[in-house]
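Top line first, the protein sequences correspond to chains A and B.
Numbers 1 to 114, taken from the numbering used here, label the letters of the first sequence in order.
Numbers 115 to 228, taken from the numbering used here, label the letters of the second sequence in order.
A hint or two may mislead.
Unchecked claim - Within a straight-line C-alpha distance of at most 20 Å, the following computed SDA-like cross-link-like pairs (lysine to any residue) qualify:
hint, chain 1, residue 1, chain 2, residue 2
1, A, LYS36, B, SER157
2, B, LYS116, A, LEU45
3, B, LYS156, A, ARG54
4, B, LYS116, A, MET46
5, B, LYS156, A, GLY3
6, A, LYS41, B, ASN121
7, B, LYS156, A, THR2
8, A, LYS40, A, THR102
9, A, LYS40, B, TYR153
10, A, LYS36, B, SER122
11, A, LYS36, B, GLN152
12, B, LYS156, A, HIS10
13, A, LYS19, B, SER122
14, A, LYS40, B, THR225
15, A, LYS41, B, LYS170
16, A, LYS40, B, SER157
17, B, LYS156, A, ASP85
18, A, LYS40, B, GLN223
19, A, LYS40, B, GLU117
20, B, LYS170, B, LEU160
21, A, LYS41, B, GLN152
22, B, LYS156, A, LEU45
23, A, LYS40, B, SER126
24, A, LYS36, B, THR225
25, A, LYS40, B, LYS170
26, A, LYS22, A, ARG54
27, B, LYS156, A, ALA39
28, B, LYS156, A, LEU88
Since the hints were made in silico from the structure, they are not lab data.
Below, each chain spelled out in residue letters.
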Amino acid sequence: ETGVTQTPRHLVMGMTNKKSLKCEQHLGHNAMYWYKQSAKKPLELMFVYSLEERVENNSVPSRFSPECPNSSHLFLHLHTLQPEDSALYLCASSQAAPHGGTQYFGPGTRLLVL
Amino acid sequence: QKEVEQNSGPLSVPEGAIASLNCTYSDRGSQSFFWYRQYSGKSPELIMFIYSNGDKEDGRFTAQLNKASQYVSLLIRDSQPSDSATYLCAVNEISSGSARQLTFGSGTQLTVLP
Chain A
1 ETGVTQTPRH
11 LVMGMTNKKS
21 LKCEQHLGHN
31 AMYWYKQSAK
41 KPLELMFVYS
51 LEERVENNSV
61 PSRFSPECPN
71 SSHLFLHLHT
81 LQPEDSALYL
91 CASSQAAPHG
101 GTQYFGPGTR
111 LLVL
Chain B
115 QKEVEQNSGP
125 LSVPEGAIAS
135 LNCTYSDRGS
145 QSFFWYRQYS
155 GKSPELIMFI
165 YSNGDKEDGR
175 FTAQLNKASQ
185 YVSLLIRDSQ
195 PSDSATYLCA
205 VNEISSGSAR
215 QLTFGSGTQL
225 TVLP
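Bound conformation, chain B alone:
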C-alpha cells in the first residue's frame, strides 16, 4: 500500500517566522510531488510541484525534494496569518495507461500567530 505521511500538527509559528512542513512517502518509484493548501471549508489549491531533487523556490515558498530519503518538504518564509491553513502533500504514482493518480497525506494544520 502506497503511503504518504505528514505530521498532522497543529504547527504554530509566529508571524514572520519560517514554517517547515514535512512529508515522507513509501513508493520509491514516485515521480512528481505536490503541495496543496486547503483553507477550512474550501477545496485544495496548488502551491507548488517539484520533480527533481533539490530546492525549488516560488516567492515565499520553497519545496525541497530528496528522493534517496523519500522526503519532501515545504518551507514558508515570512509566515503571515493568511498562511494559516491545512497543507496537503501529494505524490504522483504512475499508473497504467494515461491515468495519473495522486496519493495524498492527511495534511498538516498550520497556524501563524499574529
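Here chain A stands alone, though its shape is the one from the complex:
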C-alpha cells in the first residue's frame, strides 16, 4: 500500500448504529487530519493530530470521536449520527512543520446515514 488509504470506501448506517472509519498513511508523515465534504460546500476540517497535539473544530458534534493511536493510523468513531452527516469523509496526512509541505488525501469514505 502506498500513500493514504481509507476503509471502508462506502458505508451505509442507521442513526442508532456505531461504526468506525479507518485511515492509514504510508508516507512517513506525523500529522493526520479528518475532513468532511458535503455537496456544494467547502472542505470542512474536523480534527487534526500533529505530534502530541490534537486540534479540533469546535463546531464538530460530539457524535464524531477521533482516535490517533500512532502517527500512521487515524480513526473516526461514529455514533448516533443524523442524516445531515451524510457526506464524503476524507483523511489527509502531512509533515508537522509550521511552514511548507503539503497535505495528501486518501480516497475518502462515502457515508450515507438513513
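Let chain A serve as the given structure and place chain B on it in line with the hints.
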C-alpha cells in the same frame, strides 16, 4: 473568520485555450497557498503550491501569488478535456504548536470543451 473565496463557476473553455482560476483570501498572515484538483467522486489531489510572490510554473500549470492583493490564481495552458474537474484553492494558516491547518475555498468547476 478566515475565508477563501473562489468563483464557483462553472467555467467553460475550449480545448487548447488558457483556463484562469482565481482565489482571494482574507487572512493577511497566510503563508502557503495550494491548488488541488478534484474529479467528480474522487478525493483532492495536489497540483501546485506557492509561497512567494510572483509566478511558479510546472508544466502546463502556472500559479500566481500577490500577497499585497491577497490573491492567488492558477493558469492552465493548452487546456485538455481531462482537465475538467473542480479546482480547490487552499490557504495555510499557521496555528499554535506544530499543527497546520488549511482553509479551503468551495472550488471552481472547470469544463474543457473538445
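Evaluated hints:
Note on LYS36 (chain A) and SER157 (chain B): the hinted pairing holds, with a Cα-Cα distance of about 11 Å set against a maximum of 20 Å. For the hint linking LYS116 (chain B) to LEU45 (chain A), the alpha-carbon distance of about 13 Å falls within 20 Å, and the restraint holds. Our distance criterion of 20 Å between C-alpha atoms is broken by LYS156 (chain B) and ARG54 (chain A), whose separation comes to about 27 Å. In summary, the hint linking LYS116 (chain B) to MET46 (chain A) is supported, as the alpha carbons are separated by about 16 Å, within the 20 Å threshold.
Proximity of LYS156 (chain B) to GLY3 (chain A) is assessed by CA-CA distance (about 15 Å); at most 20 Å being required, the pair is judged to hold. Proposed proximity of LYS41 (chain A) and ASN121 (chain B) is supported: the alpha carbons are some 13 Å apart, at most 20 Å. For the suggested pair LYS156 (chain B) and THR2 (chain A), the alpha carbons sit about 17 Å apart, so the restraint of at most 20 Å is met. At roughly 24 Å between alpha-carbon atoms, LYS40 (chain A) and THR102 (chain A) are farther apart than 20 Å, so this suggested pair is violated.
For the hint linking LYS40 (chain A) to TYR153 (chain B), the alpha-carbon distance of about 14 Å falls within 20 Å, and the restraint holds. Using a Cα cut-off of 20 Å, the hinted pair LYS36 (chain A) and SER122 (chain B) holds, with the two alpha carbons roughly 19 Å apart. Proximity of LYS36 (chain A) to GLN152 (chain B) is assessed by CA-CA distance (about 14 Å); at most 20 Å being required, the pair is judged to hold. For the proposed pair LYS156 (chain B) and HIS10 (chain A), the alpha carbon gap of about 13 Å is at most 20 Å, so the pair holds.
Proposed proximity of LYS19 (chain A) and SER122 (chain B) is contradicted: the alpha carbons are some 34 Å apart, above 20 Å. Note on LYS40 (chain A) and THR225 (chain B): the hinted pairing holds, with a Cα-Cα distance of about 17 Å set against a maximum of 20 Å. Restraint check: the Cα-Cα separation between LYS41 (chain A) and LYS170 (chain B) comes to about 28 Å, which exceeds 20 Å; the hinted pair is violated. This hinted pair checks out: LYS40 (chain A) and SER157 (chain B) have alpha carbons roughly 15 Å apart, not beyond 20 Å.
Using a Cα cut-off of 20 Å, the hinted pair LYS156 (chain B) and ASP85 (chain A) holds, with the two alpha carbons roughly 19 Å apart. At most 20 Å may separate the alpha-carbon atoms for a hinted pair to count; LYS40 (chain A) and GLN223 (chain B) meet this at roughly 11 Å. Annotation: proposed proximity of LYS40 (chain A) to GLU117 (chain B) holds, straight-line Cα distance about 16 Å (limit 20 Å). Between LYS170 (chain B) and LEU160 (chain B) the alpha-carbon distance is near 15 Å, which keeps this suggested pair within the 20 Å criterion.
Taking the CA atoms of LYS41 (chain A) and GLN152 (chain B), the gap is about 13 Å. The hint holds against a cut of 20 Å. For the given pair, LYS156 (chain B) sits about 18 Å from LEU45 (chain A) by alpha-carbon distance, which is consistent with the 20 Å threshold. Straight-line distance between C-alpha atoms of LYS40 (chain A) and SER126 (chain B) comes to about 18 Å, which keeps the hinted pair within the 20 Å bound. At most 20 Å may separate the alpha-carbon atoms for a hinted pair to count; LYS36 (chain A) and THR225 (chain B) exceed this at roughly 25 Å.
At most 20 Å may separate the alpha-carbon atoms for a hinted pair to count; LYS40 (chain A) and LYS170 (chain B) exceed this at roughly 29 Å. About 17 Å separates the Cα atoms of LYS22 (chain A) and ARG54 (chain A), which keeps this hinted pair within 20 Å; it holds. A C-alpha spacing of about 13 Å is found between LYS156 (chain B) and ALA39 (chain A), which places the hinted pair at or below 20 Å, so the restraint holds. Among the hinted pairs, LYS156 (chain B) with LEU88 (chain A) is consistent with the structure: their alpha-carbon atoms are about 10 Å apart, no more than 20 Å.
Hints 3, 8, 13, 15, 24 and 25 from the earlier list are contradicted by this structure; the remaining hints agree with it.
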